[in-house]
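Peer 1: Each chain is listed here by its residues.
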Amino acid sequence: MKATVIDAKDNVAVVLGAVQKGDTITFRGAGIEGSITAQSDIPPYHKIARCDIPAGAPVIKYGEHIGLAACDIPAGTHVHVHNVLNNREAL
Amino acid sequence: MTFWGYRRPDGRVGIRNHILILPASVCASDTARVIASQVEGAITFHNQNGCAQVPPDQELTMDVMAGFAANPNIYATVVVSLGCENCQMDLVTEAIAARTNKPLRKFIIQECGGTIATVEQATRAARELAQEASELRREEFPLSELILGTECGGSDPTSGLAANPLIGEVCDRLVDAGATAVLSETTEFIGAEHLLARRGKTPEVHDRILEIVHRYEKAMRQVGSDPREGNPSPGNKAGGLTTLEEKSLGCIHKGGHRPVSNVYDYAKQLKTKEGLVIMDTPGNDPSSVAGMVAGGCQIVVFSTGRGTPTGNPVAPVIKLTANPITFGKMRDNLDFDASGLLEAPEAMPATAEALLAEVCAVASGKMTKSESLGFMEMAIARVCNYV
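First to last, the protein sequences are chains A and B. First residue of the first sequence? That's 1 in the working numbering, and the numbers climb one at a time after it. First residue of the second sequence? That's 1 in the working numbering, and the numbers climb one at a time after it.
This is chain B alone, in the form it adopts within the complex (with noise of 0.2 Å):
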């Protein structure tokens, strides 16, 4: 199997080919969303952040934005800033230098001379990039150029009995097609983070699947909360889940079987043809999501159980529940009917192949449901409150 893909100067590989509108804080985000409305193919999404955060939470931010402005679905990348926030011009540009070399234009609000004759000059760069963009024509690339996210959420029993163990086939069959596969939300292993760890292909990636977990844990507990306290919640209990290790691998299980190669921390830079990797998120699907993407994934498979809208500015995300009464409500937002295997386990290789067939489609220039209706939304993973 293969997918068609644009070629980056970086060498990485995008499946699409959009122009990133980057707002470097929260005072840039509404002059990087006109800018955005005027230019066909330019995304942007509001960055709550980018000033008055600890250093912690600002290393998050700058990797988000880097990462988007480097994620090889981005043709190009226009900054823009207001000038005087803690995330300067400067500071951003060179992060996405240290991990791109794709197109790049930088405007300063408080410079350029406010908001209007910001949003004239960044359109006009921002429309001749989208130019040069549509010049480009897709190529054929082996399923290895890929990097797949998981994401669960708005689980119920449904995910943990088909729809995780579908994603998981679907993560063994890129990886073993020399691709690499990310497991996040870190929260969701408390609990399983033992039966994990065995499957570290070193000991240090043992080591450090323990250490992201008690950090989390650690985190926390700093401000009064205890994650094991109360899990699995009577809900749980009520739906089936009777320990924290059941209930933490049904979420791992999207992951796969094969071993895990390494552990990044939020937003780092992935490397292709890895393997399966694990990535250090928030269970919070929109945050969760966009530490991957800003990693690298260029697309993104996400199971529920009650349904969610969940869409990203930079990648697609793929859909899918094994709840046939949630297909059948959110036909409208969901990608991918799993609910056969509830009936017919049997039918998880046949349906595994139907899943990566939809990657590869999806990979080809297909829109998901969330990209057609325009959903967008994510959130940047925080340490604490702002400054």
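Looking at chain A on its own, in the form it has when it is part of the complex (with noise of 0.2 Å):
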């Protein structure tokens, strides 16, 4: 299954079908490519890590901050609601 990475920048990618735990994912884009292996289900179009993101740090699409991890957030895990905080920065 592909993945796009659409900022350099960014730790996680966008699976483009639906992935199953275990499945191999080439994610490439923004002159980023690698290949990492699925540690969850994830459903089309949704985000899966593509390093360690740690508890509390940020993670990072289109190059910017969409929230913070809420937990240690493995490679090849489905981001989402429920390992994502919403953190509204200081202005």
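Careful: at least some of the hints might be erroneous.
[What the hints assert, rightly or not] Across the chosen pairs, the derived CB separations fall in these ranges:
1) B:D90 - A:L85: 55 to 61 Å
2) B:L373 - A:L85: 43 to 49 Å
3) A:D41 - B:D226: 30 to 36 Å
4) A:T26 - B:G374: 54 to 60 Å
5) A:Q39 - B:K201: 23 to 29 Å
In case anyone wonders, no lab produced these hints; they're calculated from the structure. The beta carbon of each residue, even a glycine, is placed where N, CA and C say it ideally should be.
With the hints as a guide, dock the two chains, each given alone in a separate frame, to form the complex.
Peer 2: Right under this line is the structure:
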């Protein structure tokens, strides 16, 4: 299964179809290429961690912070509301 | 890259050569429609407003009317008013004259002797202007003469993933070529306004970006609505959007990566050669597009996930999607298929060049699908109910 990296700074990629635990995911985009083993099932167009994201670290998509990791998110894991905290950053 | 456009007496460059039959109020709209139907190259729109509006609403309507007349895609304007509306003929023509010195004719229904007499007189004037307009020839211009509007509507996951980033790449290329690109839809900045504000070129622009978002939220709260509540929606979350920041980033990505040079209120006059700017418009597509076109955008690019027929009377709207199923289903309405980007993100530079080439082709006279079908629905942003 393929996944897209939108910005080189992103620590997540967007999967282009339904992913099952154990699938090999190849991610590409913004000059980044690599592959990773899915650690969980992931629905189409949802996010996968393309590297380990430690608890409290920003989750980055579009090159910007979209929230904070609520716990350690290992590479290959589904990244969504269950492990991301909303974080309204100071202006 | 260059395009072929029409030089206007006010120094601006148009990409269409229309005669605008401009109804000053709802009461003049059907008369304007009949006049426009008689004259080749004439366009009009149904103006729902123009009377019985609170002053902030009247200002929005006046700015759209004056801005449409001044848009460089218009050769000349024939204003048709009823006579007793709040948007009086003198006010409308003064507002137009403040923006442009292009040819202008005016007809007041209550003075001409009713709608049939007005149709006769105004049709004759419009016919003369259409013949004059036909003598103009296109000349070659640099891309820096373009003001590009950006819009997204009927979005789905492919919008934020590919279609909006593609529009952003085209904006970057146009800005680097010296043009102006306009990011719109204030309601869709909510949640990412701090990220957008960081890209303000000056502290004033930074503050203005926050101001238009907070002003919009305040206006919605006054009628008991909270735009942050329930956002992202259950449907957004099911589609994979985790936070409001993520949702809004998908929308603002269509502005590209350059710093924000300026922030404009709805339908105010934009400048050429200003880089990336923001206009405060609603998320409602036809009224957002109308505000940017009133500001002087000659052309609009519009991303969609579900597919839309949207056009505009004054400016061509190029519609693209990255959803292959939608492109297949709505081929008659959508101009550009960007779905290849989903499987091959490395094709972004080549796809951006192809979309830019399409922008140049349409600027040089190629009809969009909405133009070829005569689709030109539009709306004007509003603050509250009629008086």
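Peer 1: All hints, please: hold or fail.
Peer 2: How the hints compare with the structure:
Between D90 of chain B and L85 of chain A the beta carbon distance is about 58 Å. The supplied range of 55 to 61 Å therefore holds. Checking the proposed 43 to 49 Å range against L373 of chain B and L85 of chain A shows it holds: the Cβ atoms sit about 47 Å from each other. Between D41 of chain A and D226 of chain B the beta carbons are some 34 Å apart, a value that agrees with the proposed interval 30 to 36 Å. Between T26 of chain A and G374 of chain B the Cβ separation comes to about 46 Å, which falls outside the hinted range of 54 to 60 Å.
One distance hint, 23 to 29 Å for the beta-carbon pair Q39 of chain A and K201 of chain B, is violated here, with the actual separation near 43 Å.
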